[in-house]
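Visitor: In case you want the letters, here they are:
Number of protein chains: 2
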Amino acid sequence: MSDSRVSQSPGRSPRRALPLNRVTVRDAFWSPRLTQVGDSILPYQWDALNDRVPGAAPSHAFENLRIAAGDGTGAFHGYVFQDSDVAKWLEAVAYSLNQRPNPELEALADRVIDVVARAQQPDGYLDSYFTIKEPAKRWSNVRDWHEMYCAGHMIEAGVAYYEATGKDRLLDVARRLADHIDSRFGPQPGQRRGYPGHEEIELALVKLHRVTGEDRYLRLSKYFIDERGSEPQFFDLEAQERGDPAAGRPYDKSYSQSHLPVRQQTVAVGHAVRAMYLYSGMADIAAATGDSTLFRACRGLWENLTHRQMYITGGIGSAEQGEAFTFDYDLPNDTAYTETCAAIGLVFWAHRMLRLDVDRDYADTMERALYNGVLSGISLDGRSYFYVNPLEVWPEACGRRGDHRHVEPTRKPWFGCACCPPNLARLIASFGQYIYAEDDETLYVHLYASSAGRFEIGGQSVTLSQATDYPWDGAVAIDVAVERPASFGIAIRVPGWCADASATVNGIRLALERVNRNGYVRIAREWRSGDRIELEFPMTIQRVYADPRVREDVGRVALQRGPIVYCLEEVDNGPNLPSISLPRDATLTLEGCDASLGNAPCIVGTARRVDESGYDSVSMYRPKPPIFDDVSLRAVPYFAWGNRGAGEMLVWIREG
Amino acid sequence: MSDSRVSQSPGRSPRRALPLNRVTVRDAFWSPRLTQVGDSILPYQWDALNDRVPGAAPSHAFENLRIAAGDGTGAFHGYVFQDSDVAKWLEAVAYSLNQRPNPELEALADRVIDVVARAQQPDGYLDSYFTIKEPAKRWSNVRDWHEMYCAGHMIEAGVAYYEATGKDRLLDVARRLADHIDSRFGPQPGQRRGYPGHEEIELALVKLHRVTGEDRYLRLSKYFIDERGSEPQFFDLEAQERGDPAAGRPYDKSYSQSHLPVRQQTVAVGHAVRAMYLYSGMADIAAATGDSTLFRACRGLWENLTHRQMYITGGIGSAEQGEAFTFDYDLPNDTAYTETCAAIGLVFWAHRMLRLDVDRDYADTMERALYNGVLSGISLDGRSYFYVNPLEVWPEACGRRGDHRHVEPTRKPWFGCACCPPNLARLIASFGQYIYAEDDETLYVHLYASSAGRFEIGGQSVTLSQATDYPWDGAVAIDVAVERPASFGIAIRVPGWCADASATVNGIRLALERVNRNGYVRIAREWRSGDRIELEFPMTIQRVYADPRVREDVGRVALQRGPIVYCLEEVDNGPNLPSISLPRDATLTLEGCDASLGNAPCIVGTARRVDESGYDSVSMYRPKPPIFDDVSLRAVPYFAWGNRGAGEMLVWIREG
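Chains as they are written, first to last, in the numbering used here: chain C, 1 to 656; chain R, 657 to 1312.
Only chain C is shown next, with the shape it has when bound in the complex:
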């Protein structure tokens, strides 16, 4: 097979993610979820946004926009960022329509967009809170009041809806909103040298630039990123200007990543979602402008985050207070905050890093977050959600304020602060865009799912058709279809979890020992239709150990198979899960699929458990060593936990 070679991945010219409208997902794992988003989740969430879900926290989000549009009367209700829930819902609708027509949903979205458009003010301003409640305070507290955050989400929605339907009404709203902001913020005389307290608009403006071709949106995004953290500090000036009585008191600028200019930041700090959105915007600007200083800053932050501050589930942000990062290796399992939105943000950032730098570290992390800490946020039926995704849950302790206030033992139908549910909907609906990428010489396969990607390379259209039972089986077949034979590369990620991958092209084995250090195999040859790449990533049940500086996990083991992290649940293993230990030499086997867990295979084996009998009548503390009994153990995918009633859950199992 002289025309195949395994080579280094190409340099740092940015790759283009294959957009959603060029990817078709037909996958046993993902397609039901995509269908569920359109058929069930988005209608359900629409009901929640309109306060029609019994027992759910009230939203009022759409009603606020109706009032601002003059269609309703009454008071604003909810958080200052309530509009963003509607924006993310519209964006999710767009991705869903992009993948699968749904005239009813589209008609509903059109009606929503009509209201949004009429809620926009003549000068382009759009934020129902300030329009209804405090019009005089517009733009007076960009640090705390989320106007730019809401704008960013509305811009993303406008771009996505335009790309899905060709309809530009919401895109026009987005443009006028961006123009309004562009006129007010920037370095020119009469403009405010500011930037948002909650980042988001940066990445949104890059999308707006992409579909409109208008450079000023890219410039404004870059301005927000370049200006952030510079002296004199905008948030201080702004607080003084508005006569904030707290202006003299210290504000922890690291909370909003504005403590330093972004290029000087080396440690992931502050509110985890804000951080992910900022770093995503930084990566976007690095890709759009070729700014290597921004790439280096992103790389440093990435290494800090993924080597020191990330849970095995891809959950990030361990502290409830500030929904924030704390410090290196501080990853408690039972009080972990690990907001669903933060794991989603990590997917966004990882995906953008892959554009800058082909390294499986990004794709592995994207996959880790996606299949674990993101999907754990939503129930299998799509109708209940975790805001917080700890790695150990004891339902009785969840009521304990002071340290467990934020931990819920069961998913909720909605939240007062409902950022996560529509964020999940838009991520799942847009799953297809994370699979493939391309540049002028290479097609990239980042993720594995049965799907087809339609690429443009060398002046022709090329299709890769992927067939796999991932994430439950590591066999992947990729069929190549070209208009005419052509030479280019296909770069395939060898997952970091897989130690003994093998691959063939048309049945001929590739020398995978030459996989480059970045974890991608680039197969360069003249491709013809009918060529087939077959990959085998054997999925063994792996015992995974944490960096021992994560003190919570020392002496413990997690079970993983492929990209899926497993956990123990009380419903399978009885109460007091921490009393279970797994001997190092215990045999673990795969058990057939469980319908109540979305047909996921489970892991079973024999473990040991401390005998709890005979303690009631004696001292709690005694010199007699505990007695261990053999017990059967059953582990289920972490993302599927909590779908069978309330109970304990545990990821990190004692070993020994």
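Hints in this document: simulated from the structure, not taken from any laboratory.
Among the hints, erroneous ones may be present.
Here are some chain C residues pointing at chain R (derived, C-beta under 7 Å) [claimed, not checked]:
hint, residue
1, His307
2, Gly555
3, Arg608
4, Val610
5, Ser613
6, Gly614
7, Tyr615
8, Met620
9, Pro625
10, Arg654
To give an idea of the chain C side of the interface with chain R (calculated C-beta under 10 Å), a few residues [said to hold, decoys possible]:
hint, residue
11, Val211
12, Tyr311
13, Thr326
14, Phe327
15, Ile508
16, Glu552
17, Ala558
Model, not experiment: these values are computed from the prediction.
All residues carry an ideal CB built from backbone N, CA and C; glycine is no exception.
Given the structure of chain C, go ahead and fit chain R onto it with the hints provided.
Guide: Below, chain R without anything else, positioned relative to chain C:
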């Protein structure tokens, strides 16, 4: 030795604790501490109460009383219960004077008492907060405003100062204050059917009854206990009466143990200090009245507390929120609240239970709390204090709000809420009263410390002189001195931690295998001067295991020797203490006394530690099992931790 026999301990006629003025402590462990209280701690605390300690949280406590007495001007500062700090300080002075004359300290206390007496109002009311700040609100919120709590402490001080010095000025203040309260609260028409939100006065009134002989104080105490939790709920009525806007909202009555009548309570709930003071009062009333229903309630609460909700250190109340108990077996080590005052309260309660029921369970627990969770609250130099006594500390995490806000890595010179420091002073100064008890037939030895107790039995004075190096050595010699030969019993506690005790009387071995199930050996014979009891409680280094329902401690071991619980400190063992594991077969030996730890012996041995090298450049999570290195381990007494700078601390060590 036909005249010696080991018999059941006597029945439930209450024993009398041997009061402080009949006990002389001359002990290598305790005497330096008693001296330190008089010479250093009480003067230091006086400075703190007068805001003369640089860097300490302000108190203003004495100044408030001066203002109320007309000696000063200005505003009240501090908590509504600020007076109680002065009251406890006076009580501690009294105990110290009782043990050891100190004319200077006595003169100071007399001056303080003069101010307190003049701060008392003509009607007997005494509380500087309401006198200075809100006189119209006296007695309008007994639930929250601590007037009875402050009164209780002032009554205790008055009794103690009278017993130590014979001076009755503060006792008169206490009587007038108690009379004032007695006139206002009770079942008679015109009285309020109330009881305090923060219990304390119940046990104080029993003391006042003891020294004055006035039955009405005992009746009032019993009334508070009997009335507590009855319907209609006083705290609800009171809230309605004062027009509290929160009156309609639920108040968690379990916080103040008023959710049920006390005789129906079976689980220790709510604010841990309040609970201990209530249960102490219940035991006092049970002893004073022979009320077996109260004893049974105490016993049920005791079993719940000590078998399900107590740390190995005797620390209790695991939750920061409400400084409270949570639920059975919920004993996190790193976020433990375990207030010093709660462990002190447990000593009070255990001591009172011993009056009702001779069972070493009480004395063992009293000893456990005293030598571990109480003494940990004070530095070896007596000048800094822990309010919170966790069993695992990671200084970096102490700043983490949301779950570690309350945990301090180092003791503080004082607190805004400074209940613990003077509580420590009064407990240490009164240590002698916990050692011995007597009834009409038996002398009891509950604790071991070199000391002499002067008993009255059979119409003569009997002295037991105890010599020991406890808690570091388990050999105890007790010499008996009688005026004339007499038959009575001497009941000696065999500590629960000791599995192979031996004893002789005049060199003749006792059959200790016949120790009764309550853990006391009663030696009945005709005692003559010169008789000597020798006890040997071999102190081995013990590995102690927790009830496995305490999930935080499963797979872990604590080290204990005699009554002393040990811990690891970073200064001896390096950082990341949780990465250390102790093989079950590791040899542990005692190391000579360490002057920097108050001459405590340490425990040393060889343990294992996860090798932390080689993780920085790889994924945080990987299938490679960790490598263990042999390391030397050094454990120090828990009470002495944190005396050598800030650093990590850990009680429960992974085993294996």
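Visitor: For each hint, tell me whether it holds in the structure or not.
Guide: Hint-by-hint comparison with the structure:
no.	hint	verdict
1	His307	6 Å, holds
2	Gly555	5 Å, holds
3	Arg608	10 Å, violated
4	Val610	4 Å, holds
5	Ser613	10 Å, violated
6	Gly614	10 Å, violated
7	Tyr615	4 Å, holds
8	Met620	5 Å, holds
9	Pro625	6 Å, holds
10	Arg654	5 Å, holds
11	Val211	37 Å, violated
12	Tyr311	9 Å, holds
13	Thr326	5 Å, holds
14	Phe327	6 Å, holds
15	Ile508	30 Å, violated
16	Glu552	8 Å, holds
17	Ala558	7 Å, holds
The structure does not agree with the numbered hints 3, 5, 6, 11, 15 stated previously, though it agrees with the rest.
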